[in-house]
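Novice: Note that the sequence shown covers residues 56 to 160 in the working numbering.
I should point out that these hints are in silico values taken from the structure, not numbers from a laboratory.
Positions of the beta carbon are idealized from the N, C-alpha and C atoms, including for glycine.
Errors might be hidden in some of the hints.
[Stated by the list, open to error] Below, computed lysine-lysine pairings styled on DSS-like, alpha-carbon distance capped at 25 Å: (1) Lys110 / Lys143; (2) Lys107 / Lys75; (3) Lys143 / Lys75; (4) Lys86 / Lys138; (5) Lys110 / Lys138; (6) Lys125 / Lys86; (7) Lys125 / Lys75; (8) Lys99 / Lys110; (9) Lys141 / Lys75; (10) Lys125 / Lys99; (11) Lys86 / Lys110; (12) Lys107 / Lys138; (13) Lys141 / Lys125.
[Unchecked claim] Derived Cβ-Cβ restraints for the label pairs, each shown as a range: (14) Pro104 / Thr73: 30 to 38 Å; (15) Thr151 / Lys75: 16 to 24 Å; (16) Thr77 / Gly103: 15 to 23 Å.
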Amino acid sequence: MSNDGPGSVELLYTGPTTGKITLNACATCTKYPSSVFLDPKKVKACTGPASKYPKATLLLPAGNYHFLQKRAGTSTSTGGDTKISKTKIEPNYSYTNCLYVTSGF
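Just need the whole structure built from these sequences, with the hints factored in.
Specialist: So, in structure tokens, the structure goes:
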């Protein structure tokens, strides 16, 4: 998990195991233009050097998971912005995920 956003992110997950991690804010990261106005393929989030982003590693047993991402408020993002997702984690497989912020309308 990496954070390409100006605020910290709390990630809660539940499935075969339950837990919570917090990714620190990225000091040099900013919001990206909303894909409502741009072709999503043109949004270049999470493309900088990997060392730029705060990150954490989760070692999860295989199974179905529900995730809740909650972003902290900063001068450039609204506190409490959330995203809910679910995914199936397969055994012996590595996943990557980079979180970022888009500007509103």
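Novice: Hint by hint, say whether it matches the structure.
Specialist: Verification of the hints:
1. Only pairs whose Cα atoms come within 25 Å are accepted, and Lys110 paired with Lys143 is accepted, the gap being roughly 21 Å.
2. Of the pairs offered as hints, the one joining Lys107 and Lys75 holds, with about 22 Å between alpha carbons and a cut-off of 25 Å not exceeded.
3. Between Lys143 and Lys75, the direct Cα distance comes to roughly 18 Å. Compliance with the 25 Å bound is thereby established for this hinted pair.
4. A distance of roughly 16 Å separates the Cα atoms of Lys86 and Lys138; the hinted pair therefore holds under the 25 Å criterion.
5. Between Lys110 and Lys138, the direct Cα distance comes to roughly 18 Å. Compliance with the 25 Å bound is thereby established for this hinted pair.
6. Distance hint between Lys125 and Lys86 is fulfilled; the C-alpha atoms sit about 16 Å from each other, no more than 25 Å.
7. With a C-alpha separation of about 11 Å, the suggested pair Lys125 and Lys75 falls inside the 25 Å cut-off, and the hint holds.
8. In summary, the hint linking Lys99 to Lys110 is supported, as the alpha carbons are separated by about 18 Å, within the 25 Å threshold.
9. Between the alpha carbons of Lys141 and Lys75 the distance comes to roughly 15 Å, so the proposed pair stays at or under 25 Å and holds.
10. For the hint pairing Lys125 with Lys99, the CA-to-CA distance comes to about 22 Å; that is within 25 Å, so the pair holds.
11. For the suggested pair Lys86 and Lys110, the alpha carbons sit about 18 Å apart, so the restraint of at most 25 Å is met.
12. Our distance criterion of 25 Å between C-alpha atoms is met by Lys107 and Lys138, whose separation comes to about 23 Å.
13. Proposed proximity of Lys141 and Lys125 is supported: the alpha carbons are some 15 Å apart, at most 25 Å.
14. At roughly 32 Å, the beta-carbon separation of Pro104 and Thr73 lies within the given 30 to 38 Å, and the hint holds.
15. For Thr151 and Lys75, the Cβ-Cβ distance of about 19 Å falls inside the hinted range of 16 to 24 Å, so the restraint holds.
16. For Thr77 and Gly103, the Cβ-Cβ distance of about 21 Å falls inside the hinted range of 15 to 23 Å, so the restraint holds.
In this structure, every one of the numbered hints holds.
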